[in-house]
Amino acid sequence: MKRPEDKPHSPRALAALKRPRFTRALAVPLAALAALALLGVLAFHVGYVPALQIMHEVRRPARRGCALPHGAASHAGALRIGILLQVDDAWWAVPGGIARRAYDNRKSYADLYGYDVILETKAVESGRPAAWSKLLGLRRHLQHYDWIAIIDADALVMNPSIRLERLIPADAAARGVNLILTDDWSGPNSGIMLLRNDAWTYWFLDELYAQELFVNRRPPPGLSAKPQWPFEYEQRALHYLLDTAMWRARGNPAYEGDVAVVRSRVYTLPQCAMNSYFLHPFMRRNFKGELPLRDFFETAQYIDGDFVIHFAGYKGARKQNLFSTFADMAEESAQRLSEEQGGRRGLALDGDGGGGGHGDDDG
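Position 102, counted from 1, in the sequence shown is what the UniProt record's numbering calls 102; the numbers after and before it change by one each time, with no gaps.
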């Protein structure tokens, strides 16, 4: 005799039935479609850039700031620092375009702290893509400074209250730190870097530029397991010299020099310290779908208060529109800080008895 709980329609029997499961494989594409649909609706009503900004607020990193190195207070004002902006003629020729606004952004920031802005608009060697020229530009101008920064043209200083000295470890020279950069999910990124004036740095720039093998997109037969080199331009040479995990995973040739020495000269910051990306808020994998972004989203995604925003990966009108929107915001931030500094200087003069000095001049 069957017990009541064993009846075919009892809750226990129904629970035992095999139910179709809502698997992760189905959930991910459905979530992506929903996100795209939401973006489309918002873009239709408010425009693409405002729509992305709204979605960024909906899904933003949990962090409230970014861990910066312990830069020595004695650095402030004691180091000669230059900021290099390398663009080609075509970009520079566009009135109000990315290159012009990038220069204005660097200049307003540099003026706050007495940095120099170095503008290069000519490709040094016509046989290579223009991006390689920044290595030669860095080499040419480094001699005039203690440190030189390179910030790609498609990036903006968003928080001008952060001095570059804040990113330089207090004991950088003693530790042999020559290059400061950030990692993204693929490894080191050369879009924003700080380089110290030192003989090793000159060697490093020369060694990067000497890697002619990586100028062309396609490797010679038999040198790589993939039909194309990964990354873009001088970024390939950087991964090669550092023998990065991503470089090795692609079956690319190993650097024949002393990788350990090269790595020992590089100081890596969290990405949010000076190279935050404007990621799609529901992005989960990198551009080749090879690496999950879950572990990188927290430090990679830009939030208010980050030093620099970098629009890497965006093209055409979308990049222009995003850049213009954030350039306006950066201008306002720099203007406010400049006014605050002017106010503090005025208060300092009043407190130091500046009026008596004028009285002496009048007498």
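Check each hint, because a few of them may be wrong.
[Unchecked claim] Mimicking DSSO-like on lysine-lysine, the simulated pairs with C-alpha atoms at most 27 angstroms apart in a straight line are:
1. K107 to K226
2. K122 to K226
3. K319 to K122
4. K107 to K315
5. K107 to K319
6. K122 to K107
[Unchecked claim] Restraint ranges, calculated between C-beta atoms of paired labels, are given here:
7. S264 to D89: 35 to 43 angstroms
8. D171 to G96: 24 to 32 angstroms
9. G127 to E331: 33 to 41 angstroms
10. G176 to G96: 38 to 46 angstroms
11. V259 to A62: 32 to 40 angstroms
12. P253 to R344: 40 to 48 angstroms
13. G343 to P227: 31 to 39 angstroms
14. D89 to P227: 40 to 48 angstroms
15. L213 to G313: 35 to 43 angstroms
Note that these hints are calculated values from the structure, not bench results. Note that beta-carbon positions come from the ideal geometry of N, C-alpha and C, so glycine has one too.
Tested hints:
no.: 1; hint: K107 to K226; result: violated (42 angstroms)
no.: 2; hint: K122 to K226; result: violated (33 angstroms)
no.: 3; hint: K319 to K122; result: holds (22 angstroms)
no.: 4; hint: K107 to K315; result: holds (25 angstroms)
no.: 5; hint: K107 to K319; result: holds (21 angstroms)
no.: 6; hint: K122 to K107; result: holds (19 angstroms)
no.: 7; hint: S264 to D89: 35 to 43 angstroms; result: holds (38 angstroms)
no.: 8; hint: D171 to G96: 24 to 32 angstroms; result: violated (43 angstroms)
no.: 9; hint: G127 to E331: 33 to 41 angstroms; result: holds (37 angstroms)
no.: 10; hint: G176 to G96: 38 to 46 angstroms; result: holds (43 angstroms)
no.: 11; hint: V259 to A62: 32 to 40 angstroms; result: holds (35 angstroms)
no.: 12; hint: P253 to R344: 40 to 48 angstroms; result: violated (55 angstroms)
no.: 13; hint: G343 to P227: 31 to 39 angstroms; result: violated (59 angstroms)
no.: 14; hint: D89 to P227: 40 to 48 angstroms; result: violated (32 angstroms)
no.: 15; hint: L213 to G313: 35 to 43 angstroms; result: violated (25 angstroms)
Of the numbered hints stated above, those contradicted by the structure are hints 1, 2, 8, 12, 13, 14, 15, listed in ascending order.
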